[in-house]
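Novice: Single-letter residue listing:
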Amino acid sequence: MSAPLQPYPPQSAARAFLAGVAAALTSVFVLVVTGSFAGIGALAHEFGFSLGWTLASALLIWAAPANVILVSTLGAGAALVEVALAVTLSSVRLLPMVVALLPLIKTERTRQRDLILPAHFTAISMWVEALQRLPQVPRENRIAFCNGIGAGFTALAMAASAAGYTLAGGLPAPLAAMLLFLTPISFLTSVIRNSRLLVDRLAFALGFAVGPLMTWGKVDLALMWTGLVGGTAAYAASRLYARRKGRPP
Amino acid sequence: MSGWIDWHAYLVLILVGFLPNEVWRMLGVVLVRGLDEESEILVWVRAVATAVLAGVVAQLIFFPAGALAAMPMALRVGAALCGFAAFLAFRRSVLAGVVVGEAVLLAGALLLVP
Numbered sequence: 006m007s008a009p010l011q012p013y014p015p016q017s018a019a020r021a022f023l024a025g026v027a028a029a030l031t032s033v034f035v036l037v038v039t040g041s042f043a044g045i046g047a048l049a050h051e052f053g054f055s056l057g058w059t060l061a062s063a064l065l066i067w068a069a070p071a072n073v074i075l076v077s078t079l080g081a082g083a084a085l086v087e088v089a090l091a092v093t094l095s096s097v098r099l100l101p102m103v104v105a106l107l108p109l110i111k112t113e114r115t116r117q118r119d120l121i122l123p124a125h126f127t128a129i130s131m132w133v134e135a136l137q138r139l140p141q142v143p144r145e146n147r148i149a150f151c152n153g154i155g156a157g158f159t160a161l162a163m164a165a166s167a168a169g170y171t172l173a174g175g176l177p178a179p180l181a182a183m184l185l186f187l188t189p190i191s192f193l194t195s196v197i198r199n200s201r202l203l204v205d206r207l208a209f210a211l212g213f214a215v216g217p218l219m220t221w222g223k224v225d226l227a228l229m230w231t232g233l234v235g236g237t238a239a240y241a242a243s244r245l246y247a248r249r250k251g252r253p254p
Numbered sequence: 024m025s026g027w028i029d030w031h032a033y034l035v036l037i038l039v040g041f042l043p044n045e046v047w048r049m050l051g052v053v054l055v056r057g058l059d060e061e062s063e064i065l066v067w068v069r070a071v072a073t074a075v076l077a078g079v080v081a082q083l084i085f086f087p088a089g090a091l092a093a094m095p096m097a098l099r100v101g102a103a104l105c106g107f108a109a110f111l112a113f114r115r116s117v118l119a120g121v122v123v124g125e126a127v128l129l130a131g132a133l134l135l136v137p
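Respectively, the protein sequence lines represent chains W and A.
Start counting the first sequence at 6; every next residue gets the next number (the working numbering).
Start counting the second sequence at 24; every next residue gets the next number (the working numbering).
Check before you lean on any hint, since a few could be wrong.
What the hints assert, rightly or not - Far from chain A, by Cβ distances over 10 angstroms, these chain W residues were calculated:
| id | residue |
| --- | --- |
| 1 | Arg20 |
| 2 | Asp225 |
| 3 | Tyr240 |
| 4 | Gly251 |
Stated by the list, open to error - From the structure, some residues in chain W lie toward chain A, with a derived Cβ separation under 10 angstroms:
| id | residue |
| --- | --- |
| 5 | Val97 |
| 6 | Val104 |
| 7 | Arg114 |
| 8 | Thr127 |
| 9 | Val133 |
| 10 | Leu136 |
| 11 | Arg138 |
| 12 | Leu139 |
| 13 | Met163 |
| 14 | Ala178 |
| 15 | Trp230 |
| 16 | Ala239 |
Claimed, not checked - Stretch by stretch, here's where chain W covers chain A in the computed footprint (C-beta under 8 angstroms, at least three residues):
| id | stretch |
| --- | --- |
| 17 | 62-76 |
| 18 | 83-97 |
| 19 | 105-112 |
| 20 | 124-136 |
Rather than coming from a laboratory, the hints here were simulated on the basis of the structure.
Quick reminder that beta carbons are idealized off the backbone N, C-alpha and C, glycines included.
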């Protein structure tokens, strides 16, 4: 089944929404969303959160990195300030994604409040899927279509969380370990896949090295320092490299 | 008492989970005009965010919780390395990385852990 090259004729908002849901559920990101949120559900179970809380966090946050950080830092007993800082640092990347997406889906008649839901649904999976599919969607249907993609992925994330949470309690040890390993292994690969620029790959490598050292050294606000030290060093190094080479990194 | 703990947990979810995350999306709605995705400040911000995320991934491998903590450190690191190698070998396929990493973890768990 191949998508048409030209935008199809405008349809009702409900149909566009359902087309978005279908696009989400047939996307390659089904595996990433299912895997990471099943892992998050299992993690939440291991740390003793309730199932209702786990589902509410998937629905309200809907950004797997922030969900992982929230569960793992709260579960490990980190200070609330540190949890909020780590979550907000991991979510800054949503800002440029929202800023890039919204101009593509609004019309002159769009009210600002109609953009709140598509902005809420913006996350790596939804954003990549939306940007890829939008050229085929008539402009007046794009907000409903994006809401459909977001709702489809969020529903999948909640179902996967519930499955991971439920399974984590009763699985034999090797399978339970595999479920918990889904989060780090799927993030390790999907984040590197999404970082095309030298600065982003460098930031990942430095954060990966600095993070455990900070934790091992029992540094306060370890994640915040990991981000500031690793990210700033990566930024500085890529700027220096670009200047040396005389071209953008 | 347990009712209080439950409401407390949801309040914490809103205050240190939902709001710090959602603020960037809503700021995006407000700022939608006049922000260049390639501006220097956003490049730096993205680098910081990526490093935080990498730190979390490393912590989940080196200092895991629950059943994963019962697996030896060498097995966890080895499984992550094999998964990463497969990811690179199969043209940056996330699926290949996850499948190989998980397979190595399972094999190691069955062979090494009594």
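Novice: Look at each hint and say if it fits the structure.
Specialist: Hint check:
1. Arg20: Consistent with the label, W:Arg20 stays out of reach of chain A, its closest Cβ about 25 angstroms off (over 10 angstroms).
2. Asp225: holds (14 angstroms)
3. Tyr240: violated (5 angstroms)
4. Gly251: At roughly 17 angstroms from the nearest Cβ of chain A, W:Gly251 sits farther out than 10 angstroms, so the non-interface label holds.
5. Val97: holds (5 angstroms)
6. Val104: With a closest approach of 5 angstroms, the W:Val104 hint holds.
7. Arg114: violated (16 angstroms)
8. Thr127: holds (6 angstroms)
9. Val133: For W:Val133, the interface hint is violated, since the closest Cβ of chain A sits about 12 angstroms away, which is over 10 angstroms.
10. Leu136: Result: violated, 12 angstroms to nearest chain A Cβ.
11. Arg138: Hint on W:Arg138: violated, closest Cβ of chain A at ~19 angstroms, above 10 angstroms.
12. Leu139: violated (16 angstroms)
13. Met163: This interface hint is violated because 14 angstroms lies over the 10 angstroms limit.
14. Ala178: holds (5 angstroms)
15. Trp230: Cβ of W:Trp230 sits 9 angstroms from chain A, so the hint holds.
16. Ala239: Interface hint status for W:Ala239: holds (5 angstroms vs cutoff 10 angstroms).
17. 62-76: holds (count 12)
18. 83-97: As far as the stretch 83-97 of chain A goes, the hint holds, because 11 residues have Cβ atoms under 8 angstroms from chain W.
19. 105-112: As far as the stretch 105-112 of chain A goes, the hint holds, because 3 residues have Cβ atoms under 8 angstroms from chain W.
20. 124-136: It holds, with 7 qualifying residues against the three required.
In this structure, the hints that do not hold are numbers 3, 7, 9, 10, 11, 12, 13, in rising order.
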